[in-house]
Amino acid sequence: MLYALLVYADQTRWGEMSEEEAAAARAESMPRWIAAFEELERADPNKQGIELDAATEAKVVRVRHGERVVTDGPFAETKELIGGLFLTRLPDLDEAIRLASIVPAAEYGSIEIRPVVER
Amino acid sequence: MQFMALIYADEGAWETLTDEERQSVYARYQSLAEDARAAGVMRGGDELASTRDATTVRIREGQTLVVDGPYAETKERLGGYFLFECASIDEAVDWAARIPAAEHGAVEVRPVYFDPAEA
Numbered sequence: 001m002l003y004a005l006l007v008y009a010d011q012t013r014w015g016e017m018s019e020e021e022a023a024a025a026r027a028e029s030m031p032r033w034i035a036a037f038e039e040l041e042r043a044d045p046n047k048q049g050i051e052l053d054a055a056t057e058a059k060v061v062r063v064r065h066g067e068r069v070v071t072d073g074p075f076a077e078t079k080e081l082i083g084g085l086f087l088t089r090l091p092d093l094d095e096a097i098r099l100a101s102i103v104p105a106a107e108y109g110s111i112e113i114r115p116v117v118e119r
Numbered sequence: 120m121q122f123m124a125l126i127y128a129d130e131g132a133w134e135t136l137t138d139e140e141r142q143s144v145y146a147r148y149q150s151l152a153e154d155a156r157a158a159g160v161m162r163g164g165d166e167l168a169s170t171r172d173a174t175t176v177r178i179r180e181g182q183t184l185v186v187d188g189p190y191a192e193t194k195e196r197l198g199g200y201f202l203f204e205c206a207s208i209d210e211a212v213d214w215a216a217r218i219p220a221a222e223h224g225a226v227e228v229r230p231v232y233f234d235p236a237e238a
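Chains as they are written, first to last, in the working numbering: chain A, 1 to 119; chain B, 120 to 238.
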């Protein structure tokens with residue numbers, strides 16, 4: 001089955017760090033992100049990963065009664081926001097859970113696993 | 120530049136639709152995808168299964184916590200996305216405004232930061 005692993009994290013934690021702290025945090029987590037990518041690729045050589053820009057860059061579009069309303073900022077008002085996703089074809093949910101748990105963001109955010117509808 | 124259009128809508132409303140109504144919504148999505156393809160902006164898109172089938176994974180203090188259900192218990196939930204290649208976010212917003220769910224839900228447009236699949 002094709003699964004989307006949605007990566008949710010509190011993006012404000014980056015804003016609260018100094019540049020040095022942010023650089024150190026990135027350097028510390030980078031090998032683990034690379035290891036997670038490699039493991040995902042072993043599980044599914046065609047896996048895709050998409051990382052989104054900061055939610056502050058987002059625009060939200062609604063159309064009501066034919067009128068377009070565009071606002072700045074992310075849609076969700078939750079503390080943790082989607083920051084990216086992986087698309088992987090995996091044998092079962094257990095494998096999806098195993099892979100979700102090696103994504104570094106699982107330790108400070110949440111990984112939501114959703115099957116993708118294939119019609 | 121790539122932009123992801125994240126589609127948020129009330130799943131309950133979708134479930135009240137008849138098969139015929141759903142087919143007509145799918146037809147609108149299909150025609151949007153075809154137009155985007157013809158314009159050379161279509162880079163991908165997926166429909167996610169209902170959050171009833173979601174599983175959320177977190178690791179806290181070394182313990183893996185797996186819960187049934189979505190990351191957030193909000194009324195409008197992420198149901199899918201389009202990936203558009205556009206020259207600007209305004210152009211991506213134009214495409215996002217054509218997504219049928221923009222008429223009752225909301226579409227968040229976010230620039231893609233980095234695509235590991237292309238790295």
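A hint or two may mislead.
Within a straight-line C-alpha distance of at most 25 angstroms, the following computed DMTMM-like cross-link-like pairs (lysine to aspartate or glutamate) qualify [stated by the list, open to error]:
#1 Lys79(A) - Glu41(A)
#2 Lys79(A) - Glu204(B)
#3 Lys79(A) - Glu16(A)
#4 Lys79(A) - Glu140(B)
#5 Lys79(A) - Asp187(B)
Read the hints as simulated data drawn from the structure, not as lab findings.
- Query: Failing hints, ascending?
  - Reply: 1, 2, 4
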